[in-house]
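Student: Spelled out from the first residue to the last, the chains are:
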Amino acid sequence: MDLDKAAGLIESEARFLWTVHPQWSLTAGPQDMELVAHAMRVILHMGKAAESLPEYLALVKAQHPDGGWGRESTEKESAAWVSAFCALMLIRAQTLLQHPEVEKAVWRSIDYFLAGQKPDGRWVDSEWGDLDTTSHPVSFFNVVLALGTPKMKEAVRAAWRRGLRFILQGQSEDGGWYDPVFQPSGVETTAHLVQDAVIASLALPEGLPVRPACEKGMNWILEHQDADGSWDEKNVDHTMDCTRSTLLISRMLRADERCRPALEKAIDWIVASKNREGWPDFPGMETNLERTCDGLDVLLKVQAWRQTDPLEVVRRWGYAPGGQPTFLRAAEVRV
Amino acid sequence: MEVESLKPGESGLVVADGQEVALFNVEGRLYAIGNRCPHRSGPLFRGRIETVPDPETGSATTAVRCPIHGWLFELATGRCLTRPRAGVPVYSVTCQDGELCVGK
Numbered sequence: 001m002d003l004d005k006a007a008g009l010i011e012s013e014a015r016f017l018w019t020v021h022p023q024w025s026l027t028a029g030p031q032d033m034e035l036v037a038h039a040m041r042v043i044l045h046m047g048k049a050a051e052s053l054p055e056y057l058a059l060v061k062a063q064h065p066d067g068g069w070g071r072e073s074t075e076k077e078s079a080a081w082v083s084a085f086c087a088l089m090l091i092r093a094q095t096l097l098q099h100p101e102v103e104k105a106v107w108r109s110i111d112y113f114l115a116g117q118k119p120d121g122r123w124v125d126s127e128w129g130d131l132d133t134t135s136h137p138v139s140f141f142n143v144v145l146a147l148g149t150p151k152m153k154e155a156v157r158a159a160w161r162r163g164l165r166f167i168l169q170g171q172s173e174d175g176g177w178y179d180p181v182f183q184p185s186g187v188e189t190t191a192h193l194v195q196d197a198v199i200a201s202l203a204l205p206e207g208l209p210v211r212p213a214c215e216k217g218m219n220w221i222l223e224h225q226d227a228d229g230s231w232d233e234k235n236v237d238h239t240m241d242c243t244r245s246t247l248l249i250s251r252m253l254r255a256d257e258r259c260r261p262a263l264e265k266a267i268d269w270i271v272a273s274k275n276r277e278g279w280p281d282f283p284g285m286e287t288n289l290e291r292t293c294d295g296l297d298v299l300l301k302v303q304a305w306r307q308t309d310p311l312e313v314v315r316r317w318g319y320a321p322g323g324q325p326t327f328l329r330a331a332e333v334r335v
Numbered sequence: 336m337e338v339e340s341l342k343p344g345e346s347g348l349v350v351a352d353g354q355e356v357a358l359f360n361v362e363g364r365l366y367a368i369g370n371r372c373p374h375r376s377g378p379l380f381r382g383r384i385e386t387v388p389d390p391e392t393g394s395a396t397t398a399v400r401c402p403i404h405g406w407l408f409e410l411a412t413g414r415c416l417t418r419p420r421a422g423v424p425v426y427s428v429t430c431q432d433g434e435l436c437v438g439k
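Protein chains in written order, with the working numbering: chain A, 1 to 335; chain B, 336 to 439.
FYI, nobody ran anything at the bench for these hints, they're computed from the structure.
Among the clues, some could well be false.
As the list claims (entries may be wrong) - Taking beta-carbon pairs under 10 Å as the criterion, some of the chain B residues facing chain A (in silico):
id : residue
1  : 364
2  : 383
3  : 402
Said to hold, decoys possible - Between beta-carbon pairs, the in silico distance windows are:
id : chain 1 : residue 1 : chain 2 : residue 2 : range
4  : B       : 389       : A       : 101       : 45 to 51 Å
5  : B       : 336       : A       : 74        : 34 to 40 Å
6  : B       : 432       : A       : 258       : 39 to 45 Å
7  : B       : 344       : A       : 20        : 35 to 41 Å
8  : A       : 120       : B       : 397       : 29 to 35 Å
9  : A       : 276       : B       : 436       : 31 to 37 Å
10 : A       : 98        : B       : 424       : 29 to 35 Å
11 : B       : 397       : A       : 154       : 46 to 52 Å
12 : B       : 393       : A       : 15        : 51 to 57 Å
13 : A       : 114       : B       : 436       : 52 to 58 Å
A quick note: this is a predicted structure, and the numbers were derived from the prediction, not measured.
Glycine included, each C-beta is placed from N, C-alpha and C at the ideal position.
Using the sequences and the hints, build the whole thing.
Tutor: Right under this line is the structure:
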């Protein structure tokens, strides 16, 4: 798919997403927080964070006093998986927003994840497998370490290493991560873990030796692609996960050329699976807004992958160090 | 839906009284449950059938795994095996004049 076509699709799909703004925005009322976080990622990657400050302030307002978020904005109990997704959206937007309320919320979420980690390094969430759940706070801490300031790093680094070690210990001999309870097929779990957790430590100093795990994970994902370019029996969600994971892995392991044929087939399949407006869970089904946000995110990451700056796609995960400081000076000494 | 169109090992989707119902033929036995997973609305008729241990009794039971995030639902009862207290509705399914009939 050429870049002009990708740009056209991004424009038309983003226009569709904005026509259904009341269905995903906290500024319009109570929402499903996973959908909110998915939409906020599109806002961020489209470069619209600064003009969308009310969306971020509404996300701050929905945060619980313990620093987490509920699965629904009206739910009182915090849940780890969605909290990590929301925290990631805030910390990454803060590089642009530089807003004191957003910064306070990021600190509260750091406290939430430091307090909630189990002694063996995992985080738990009753709706997700432990490996998948753990990958998200680790991903959040990747970004905290990549974007944060030196003075805050000790406690976060220790928790991050424990989480990463838990993930590395969970990898199977064949390179995949399997969750016997939630994901025996391993497709989504492997894609999440490689992009959310393991791969990022390659970019951070003092990381664990993750390159062999990443290479095995990349091989596992490539080997499990179906002939038509999809993964997991034409599963749009899992194909998007594997595609994004491969975009990041290929760049960080300098395996672009090796992964290019698989990526091109996957992207063609994803585009062909689209409805007139939005993406379904499986080809031919009705549009799902969360999947539509995922589809937009894939196309935006493909655009970044094809830019001449090799780090541009890595920035779409927030893992590239440098740039503007995320935290204001007053908060530097807290952790 | 015609009985003949749902062969052993296959699944299908029908709408009954405005509700999506997932149909499964497991070795000749028919099951009908609500199609949408209560987690993220994954379409259960696209899920894989598995024989798994019942977490309460340990005995083997037949379940469908949601294709999106892997929640398991016992076909006979609609009970979620991966998250206590969650579940999907169960419907009766009968065969009349070669047609599958779904009811409460």
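Student: Next step is simple, just say for each hint if it's right about the structure.
Tutor: Hints, verified against the model:
For the restraint placing residue 364 of chain B at the interface with chain A, the shortest Cβ-Cβ distance is roughly 23 Å, beyond the 10 Å limit, so the hint is violated. Hint status for residue 383 of chain B relative to chain A: holds, with the closest Cβ pair at about 8 Å, below 10 Å. Because the smallest distance between the Cβ of residue 402 of chain B and any Cβ of chain A comes to about 6 Å, under 10 Å, the interface hint for this residue holds. Distance hint check for residue 389 of chain B and residue 101 of chain A: the Cβ-Cβ separation is about 48 Å, which falls inside the suggested range of 45 to 51 Å.
The given range of 34 to 40 Å is respected by residue 336 of chain B and residue 74 of chain A, whose C-beta atoms sit roughly 38 Å from each other. At roughly 57 Å, the beta carbons of residue 432 of chain B and residue 258 of chain A sit outside the given window of 39 to 45 Å. Restraint check, residue 344 of chain B to residue 20 of chain A: a C-beta distance of roughly 38 Å satisfies the suggested window 35 to 41 Å. For the pair residue 120 of chain A and residue 397 of chain B, the supplied restraint of 29 to 35 Å holds, since their beta-carbon distance comes to about 33 Å.
The hinted range of 31 to 37 Å is satisfied by residue 276 of chain A and residue 436 of chain B, whose Cβ atoms lie roughly 34 Å apart. Between residue 98 of chain A and residue 424 of chain B the C-beta distance comes to about 50 Å, which lies outside the given range of 29 to 35 Å. Distance hint check for residue 397 of chain B and residue 154 of chain A: the Cβ-Cβ separation is about 51 Å, which falls inside the suggested range of 46 to 52 Å. Distance hint for residue 393 of chain B and residue 15 of chain A: a CB-CB separation of about 53 Å, consistent with the stated range 51 to 57 Å.
At roughly 56 Å, the beta carbons of residue 114 of chain A and residue 436 of chain B sit within the given window of 52 to 58 Å.
Taken one by one, the earlier hints fail for this structure at numbers 1, 6, 10, listed in ascending order.
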